[in-house]
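Undergrad: Those protein sequence lines, which keep their order, are chains A and B. Offset between the first sequence (1-based) and our numbering: plus 24. Offset between the second sequence (1-based) and our numbering: plus 64.
Certain hints may be false.
Unchecked claim - Covered stretches of chain A, as calculated for chain B (at least 3 residues, CB under 8 Å): (1) 72-85; (2) 208-216; (3) 227-238.
Source of the hints: derived by calculation from the structure; they are not laboratory data. Since the structure is predicted, the reported quantities are computational estimates derived from the model, not experimental observations. All C-beta atoms, glycine included, are put in the ideal place defined by N, C-alpha and C.
Here's the letter readout for the chains.
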Amino acid sequence: MISNTVVVLLRDMLPLFILIAYLSSIGVMQSLDKKWLKLTLFAAVTSVVAFYFNFELIAESFEGRGYEIVSSLILCLFFICCASVSIFSGMLPSTYQKWLLAVGIVLLVTLKATEFMVYFGVFIQQSGDLISICLGFLMGISICISFHLLYRFFLTELIAHNKIKTVYMLWFAFITGQIVQIPERLSQVDIIDLGKPLFNLSEFVRDSSEYGHVLNALLGYESSPTTTFIGAYLCSFFLLLVISGAAARNAGLPISQYFSGESK
Amino acid sequence: MANQLKQFHLVGILFVVLSLTNAVKAAETKTYHLVLENHVFFPSEVTIPANQKVKLIITNKDASPEEFDSFDLNRERVVFAGKQAKIFIGPLPPGKYEFFGEFHPESARGIVIVKEVTQ
């Protein structure tokens, strides 16, 4: 019970802690105030509660494909919001930037936290072993917080050593890792065809292992990716790089200077 | 820059629209059934043909939701109490693919055996 709670928590909540590590490292959060934080938190909690209580209704809609369709739209909007904020940070008005970021955060929190709440709800409802669940929850949250702090330190060190481009590449890989969940979700309900897996890396890192979970949260790792998955991953990742390059050129700055927010 | 921003948003929206509209349907998809009762899958072994997409209908007869989960099959789906869920798996190469109930992994376990069909 304890280990299962830890695994579910890592799967659902670790991406949120990684997201916060990026946002607090790459500087987009520097201009954010307490009012923004309170409103974003309020919107996230409201959205999670609303989504949780309508989960069944959403899942049953579109002939039983509702959850896959809605979650795909959420992931896509999350990608657009986060990518816009990071790529066009120098060009967008700060108010627009702040609210785009808030929408992105609320969307990802809604999706991930609701999935965890369904698990938590089942056990609150029927299990007498609340202590195990609470212990598992505490252990899982501790792992997530520790990982968040270590990863934030790693990112801050990279930035301090003028490796801002590397940080942005990792950030792009993270948001790409979220959007490439879409083809899998849609193929599950037969909306798209993914085809056969291209190769299998399970011998090295299994999806179910701790490393698998961490790599999945960081980069969207899949041990047996299909051609569609790899294609979608590369397209999204390089699209972000190309647009970033174009935006930096437009601003007349080298890309590292552009990302660090320096003006010409 | 405003144009680039518009183009970027259009690409994102196009990605979703294409994903949703580019539906590819198999002409004949074989259907297999799984029943979840007392947090146990029945049957616990499902044999499906290799290199074919199949439909799996999971019926949850328990009073609480369960999440059908499989790292091997890359599938996860919440099946609500007293409800059915349809998921599609494959095409897969021959082999054994484990699945389990995320909320009761000790009891709700099973395996999909993918076998080459001999004509």
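Undergrad: Can you give the numbers of the hints that this structure goes against, from lowest to highest?
TA: none
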